[in-house]
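Participant: Each chain, written out:
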Amino acid sequence: MNTIIEDKKTNSFTDNGLFPSSEVMLDLKKLKKVYPTPKGDYVVLEDLNLQIKKEEFVTIIGHSGCGKTTMLSMIAGLNEISGGNISVLGKHIKGPGPDRGVIFQAPSLMPWMTSLQNVLLGVNQVFPHATKSQRNDIAKYYLQKVGLEDAFYKKASELSQGMQQRVGIARAFAIKPKVLLLDEPFGMLDSLTRGELQDILIEIWNKEKITAVMITHDVDEAIFLADRVVMMTSGPKAKIGDILNIDFERPRTRKSVLEHDDYYKYRKHLIDFLEH
Amino acid sequence: MKQSITLGKVTKFMGLGFLSTLKSLFTGKLEKEDFINFLRKIVVPIASILLFIGLWHLGAKSLYNREADFKIEKALKDQGPAAAEAMRECIASGDISCQPNTLPSPGQVWGSYKSLLRDHNIISADKAAFKEKTAALNAQRIADGLAAITYTGRPSFIDQIIMSLKTVFAGFLLALIIAIPIGIFIGLSPTLKSAFNWFIQIFKPVSPVVWYLLVFMIVKTILIDSSEDSSFIISFISVGLCSMWATLVNTAMGVSSVDKDYINVAKVLKLGTFQKIFKVILPSSLPLIFTGLKITLSVAWMVLIAIELLAQSPGLGLFVWEEFQNGANDSNSKIIVAMFVIGIIGFLLDRIMLTIQNTVSFNKNDGI
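Chains as they are written, first to last, in the working numbering: chain E, 1 to 276; chain Y, 1 to 368.
Quick caveat, the hints were computed from the structure, so don't treat them as lab data. Beta carbons: idealized from backbone N, C-alpha and C, even for Gly. It cannot be assumed that every hint is accurate.
Computed footprint of chain Y on chain E; a stretch qualifies when at least three of its residues, placed anywhere within it, have a C-beta under 8 Å from a C-beta of chain Y [claimed, not checked]:
hint : stretch
1    : 86-98
2    : 103-113
3    : 254-261
Below, in silico cross-link-like pairs of lysine-lysine (DSS-like), each with a Cα-Cα straight-line distance of 30 Å or less [said to hold, decoys possible]:
hint : chain 1 : residue 1 : chain 2 : residue 2
4    : Y       : Lys127    : E       : Lys176
5    : E       : Lys178    : E       : Lys30
6    : E       : Lys155    : Y       : Lys260
7    : Y       : Lys74     : E       : Lys91
Simulated restraints on C-beta separations [to be verified]:
hint : chain 1 : residue 1 : chain 2 : residue 2 : range
8    : E       : Asn206    : Y       : Thr191    : 29 to 39 Å
9    : Y       : Thr359    : E       : Asp199    : 36 to 46 Å
10   : E       : Asp137    : Y       : Asp261    : 22 to 32 Å
11   : Y       : Thr359    : E       : His217    : 52 to 62 Å
12   : E       : His217    : Y       : Asp261    : 15 to 25 Å
13   : Y       : Asp261    : E       : Asp199    : 20 to 30 Å
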């Protein structure tokens, strides 16, 4: 079994940075994050390199506090870069923007708006030249996709956590970003709802194929959703520890994934990494 | 059943939850729990009101006796036993000239309340008659480009309440117009905040009397060539300036402490400044702004009385002051009537603001 894992390593980890540039959507080069503290600088991330291809779904897994969320919010532009650079389609990012949609851990909906208004908030921004009814159609389309066709006009504060996060998914897809960043979006949900939302997410994603980077704590979720699972070492000075290719065919179903021969191999690989 | 739920919700929403207990009393469906609620929410308050009136009555009576004894004693000492006896008879007969002037009893206050209402009816009738009489003449005068003749008689108690409400609302609106925009700017910009902070900290605790004097100095000079009565303008501006601080501080706080998640969403969506303020920052700070407005209104009502009194602007404050200066037999009880009216109106204003606050608050649990 060891040889297989070694194989994966040579396939994936060593060729990091070697994708043809036309295929690269998101490129992190020598990324560094330093937080100054009274006791001196605290280096969260150092020399972190990662390339993500177009139409790829990457999940990131690692121990709490290792800097996953820091990395993601740096990609989103919400957190300053201390060193190195991040580029989307070869262009260095400057601050946040709707080309990188974010689904936050907390649904972060405006509670005084209806679910439709919440989605429209982004849609209006990204499609300023579309007519009002076109924008409405876009927002409603994505709300339907996440199964909220009956809740267009419900206030966000009246929705359950799971439903709020559905609106969050619809809002992120509706602005048609180049990259979708998901910061443990299902972490606060119970396992049943989590499963439902994973299915919804992967269903829309299969259709839209937006390059996605998702942080998760859940090994099964990481395998089920991803083309590659990126494992981060524990901080400080966290970097990419290992990358695992998940070679299941798409579209996937939960059942086919669970019954696949390689599933437990992948799972063991991830758990071995996390436990050492 | 469904209707009763909504009714209960509405009354609870307005902070008048005790009314729903009354309703269950009338629908006749009294459970044990309802009975305890009924005791607690209806019987206990009524009992305490009666107790209050009783204590007040006893207190007033003993003060009355003390004052009466003192008068008789004084007459005895200054003018001899015959004068003392005459004084005793005079007081017992209830003659106005020699009544002890002290805290009025609940009965006297109730009597004054009724006499104030009677007075209002008389003045209203008088006004209506005046209007009818001058209608033709006024129409003629307006046609000729002259000012209409207006009623210049004494205002009734009710007129004065209405004047006070007008002043307080004008002051409240002024506070709202000044404090909310400034609060938003201060909340948005730390630079403006440090520029304004000393100003807020120093002027916030200034007493209404001083505000009145300041406004008086300025408005008097501005309106120096006007023959109009400026007392209303001075008093509502003073009320506004006195009461706006709570709204100013709360707005600034609400705007500067918007949930970071919402700000991140606005950043990711790259909302423009205008959209960010009106779609994200303002709605999320509305609950705090309304808390500020509620405090502003109650402060405005509280300082109004003092300011009207100083400004000689018609209203409840002036009414109280004039009655005190007047020193007529029923002046004291009229002052107490005014006190209750002031208290009840203040309570109602507070409830109205609470209701508005609950409707704008997106998180229903926050408001109450």
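Participant: Between lysine 155 of chain E and lysine 260 of chain Y, is the straight-line Cα distance small enough, at 30 Å or below?
Facilitator: 20 Å, holds
Participant: Under 8 Å between beta-carbons, do enough residues of the stretch 103-113 of chain E, three at least, approach chain Y for the coverage claim to hold?
Facilitator: That given contact holds, which follows from 7 residues of the stretch 103-113 of chain E lying within Cβ reach (below 8 Å) of chain Y.
Participant: Would the hint linking lysine 74 of chain Y and lysine 91 of chain E be met if the CA-CA limit is 30 Å?
Facilitator: Violated - the C-alpha atoms of lysine 91 of chain E and lysine 74 of chain Y are around 101 Å apart, more than 30 Å.
Participant: The stretch 254-261 of chain E covered by chain Y? Criterion: 3 or more residues, Cβ-Cβ distance below 8 Å.
Facilitator: Our answer is that it is violated, as 0 residues pass the Cβ test (under 8 Å) against chain Y, missing three.
Participant: Please test the hint of 22 to 32 Å on the beta carbon pair from aspartate 137 of chain E and aspartate 261 of chain Y.
Facilitator: Once the Cβ atoms are compared, 28 Å apart, the range 22 to 32 Å for aspartate 261 of chain Y and aspartate 137 of chain E holds.
Participant: The hint says 29 to 39 Å between asparagine 206 of chain E and threonine 191 of chain Y; measuring C-beta to C-beta, is that right?
Facilitator: 49 Å, violated
Participant: Note whether the CB distance of threonine 359 of chain Y and histidine 217 of chain E lies within 52 to 62 Å or breaks it.
Facilitator: 41 Å, violated
Participant: For the pair we were handed, lysine 178 of chain E and lysine 30 of chain E, check the Cα-Cα distance against 30 Å.
Facilitator: This hinted pair holds, its Cα atoms lying about 22 Å apart.
Participant: Is it true that aspartate 261 of chain Y and aspartate 199 of chain E lie within 20 to 30 Å of each other by Cβ?
Facilitator: Roughly 25 Å apart at Cβ, these two residues keep to the hinted range, so it holds.
Participant: For the hint 15 to 25 Å, verify it against the beta carbon of histidine 217 of chain E and that of aspartate 261 of chain Y.
Facilitator: Between histidine 217 of chain E and aspartate 261 of chain Y, where Cβ atoms are some 20 Å apart, the hint holds.
Participant: Would you say the C-beta atoms of threonine 359 of chain Y and aspartate 199 of chain E sit inside 36 to 46 Å of each other?
Facilitator: 39 Å, holds
Participant: Can you take a look at whether the stretch 86-98 of chain E is actually covered by chain Y? Rule is 3+ residues, C-beta closer than 8 Å.
Facilitator: Check passed, 4 qualifying residues.
The structure shown violates the earlier hints numbered 3, 4, 7, 8 and 11.
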